[in-house]
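Chains as they are written, first to last, in our numbering: chain X, 1110 to 1591; chain H, 227 to 406.
Please keep in mind that the hints were generated in silico from the structure rather than gathered at the bench. Quick caveat, the model's predicted, so the values are computed rather than measured. Glycine residues also receive a C-beta, built at the ideal position from the N, C-alpha and C atoms. Just so you know, not all the hints are guaranteed correct.
Said to hold, decoys possible - Covered stretches of chain X (in silico footprint by chain H; criterion: 3 or more residues with CB under 8 Å from a CB of chain H, positions within the stretch not fixed):
no.: 1; segment: 1200-1208
no.: 2; segment: 1531-1537
no.: 3; segment: 1553-1560
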Amino acid sequence: MKLFPIRGGIHPAYRKQATAEKAIVALLPLPARLYLPLQQHMGAAAEALVQPGDRVKKGQLLGRGVGPVSAAVHAPTSGRIAQVAELTAPHPSGLPQLTIVLEPDGQDEWAELAPPIADPFAADPKAIKERVAQAGIVGMGGATFPSSVKLDLGTRLKLEILLLNGAECEPYLTCDDRVMREHPSEVIDGARIMAHALGAPRIVIAIERNKPQALDAMRLAASAFPAIEVVDVPVQYPMGSERHLTQAITGQETPARKLTADLGVVVHNVATARAVHHAVRFGRPLLSRVVTVSGGAVKEPKNVEAPLGTPVADLIDFCGGLSETPKRLVSGGPMMGQPLPSSEVPVVKGTSGILALTTAEANERPTQPCIRCGTCVTICPCGLVPVEMAAHIRKDDLDGAAAWGVMDCVSCGSCSYICPSYIPLVHYFNYAKGRITAQDRERRKQDEVKRLAEARAARLEKQAQAKREAAARKAQAESPAP
Amino acid sequence: MLLAVGSVAVMGVTLGVLLGAAARYLAVEGNPLEAELQSLLPGSQCGQCGFVGCAQAAAALAKGEAPVTLCPPGGKAVAEKLAAKLGVTVDLSEHEEKGPHTAFINEALCIGCLRCIQECSTDAIVGANKQMHTVISEACHGCEKCFKICPTEAIVMRPVLVSVGTWHWQKPMPEHATQH
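Whenever a hint applies, use it, and build me the whole structure from the sequences.
Here you go:
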């Protein structure tokens, strides 16, 4: 297959060796408590359906999705609900979030699951989307967008390709690599089901060339299906970004503020495909995920299939504990991952990795003045000008930064990585994007307030008018006829 | 000499007639600046500035009779925008940003008197006579009118807390600070 070049990018050290050859371990001892935040996804938080003291079975629905973009939360094992409370979220802010606390009873007793869909390729695409929504599946590459909503894109757009993302371009992470090596047929089946739901005739599975075993395993499993093509893409960060992967495969650049679906391409992660396979073929909701536990401060790095809600501390203990106090504890990869406030937070649907990085790995250095070398401009995979955007943001000129396209930044962190002056460029952009989004929210609220105030004023005026008319009629009726 | 005086006089008269006609036929109703200023104000007619509504506040601003810091719900952001529009400099360093607040009704203290409902300019309070009232926080813009009128002090103004959904990264620390 002909590939197309993507702009810029960097080549960080892989650091995948620590876990790439380690098979996925599923026999993690059940933690004493599982912490299940009601918002592990983009969109609205789920609504709790259980009370403290309730006994629940494995796979039982604990939180129902609310509104069009939301996702359900299920019990990863059987046990008792200990608490439904505001607890620290696995989020850099360290703010609290409504969380269901489940005390496992060790029975691991299944609830009655939804029946398998016998022949998903003959089933109505709607039924598949419904099943995926019921199973609480979200994008497992880390973006955590509800998958059922993404599978619905086919109803309003003409789709050509389901692009399965197995690039895994972040250093350290090997969870997708291991899933593709160990469960290729499950991934392929899930991908075929998703393509059927989307109405996409072609499936392209893109894997970076530094994963030859995964490529072989997937090619073997896909050989029976002519609609599936397994493609090796060059090793270039951020190849795993959906916009960039789409460009590498189709040669088309996704326009600003549009979706890859507007080009006829829908991108899903390989782990999401596997979760869809489980949901459709066995009725199993999303209860666990494969997490790469790595970093220089972890004694025995591993790939673990951890129940959702497992505390990070338990996961690290299972991997031999820490050899030193990590400089940074990161959820996700080192490039785009987010720092965790502590190890007392749970693994959630989007946790692809837990990295305990040493001081040497974190490589934090004092910021120096910009020398305007232009390296950030050369490597920006979105074709932006980081140096100018940062200069505007430094002077609090957010409108200026927006005019330079800061909202089109995907926060891949390549500019921060390459900057010879160690300027935290992507931090500036994350700040600016957050601030601009907050201002937009404020503006929307203000418009809404204005609308309500005007509606009220109009209503009062109408009432006053009605009263005046009634008074006039009354006066007319009472006045003696001439 | 005569020619020069004559031509300048003719030009003066012609232009004067033109201007006079323009002033009559192209006159703009009201002060356009007022409309522009009004669009910058929140438009909730809350009256906290001391004027009846946002239109009156905008008129006073346009005449220079009110300071740009007059709008409490608008806060620093609106004050800055007004200052930029009016071309005045304003020192906001002393300005204390208290952040957005919304009203909350302590239902145990509410006697259902309906006074706050009549006061609310955005219909953000629901309730009925001798029934508990409650605030729809999405529609509340924190004007404090209900807070002031409540006879039982059942209404409190609560700050809108930052949540995981609304949090964002802070601006990086000033550069070069770590070097010294």
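Each hint tested on the structure:
no.: 1; hint: 1200-1208; result: holds (count 5)
no.: 2; hint: 1531-1537; result: holds (count 4)
no.: 3; hint: 1553-1560; result: holds (count 5)
The structure meets every hint from the earlier list without exception.
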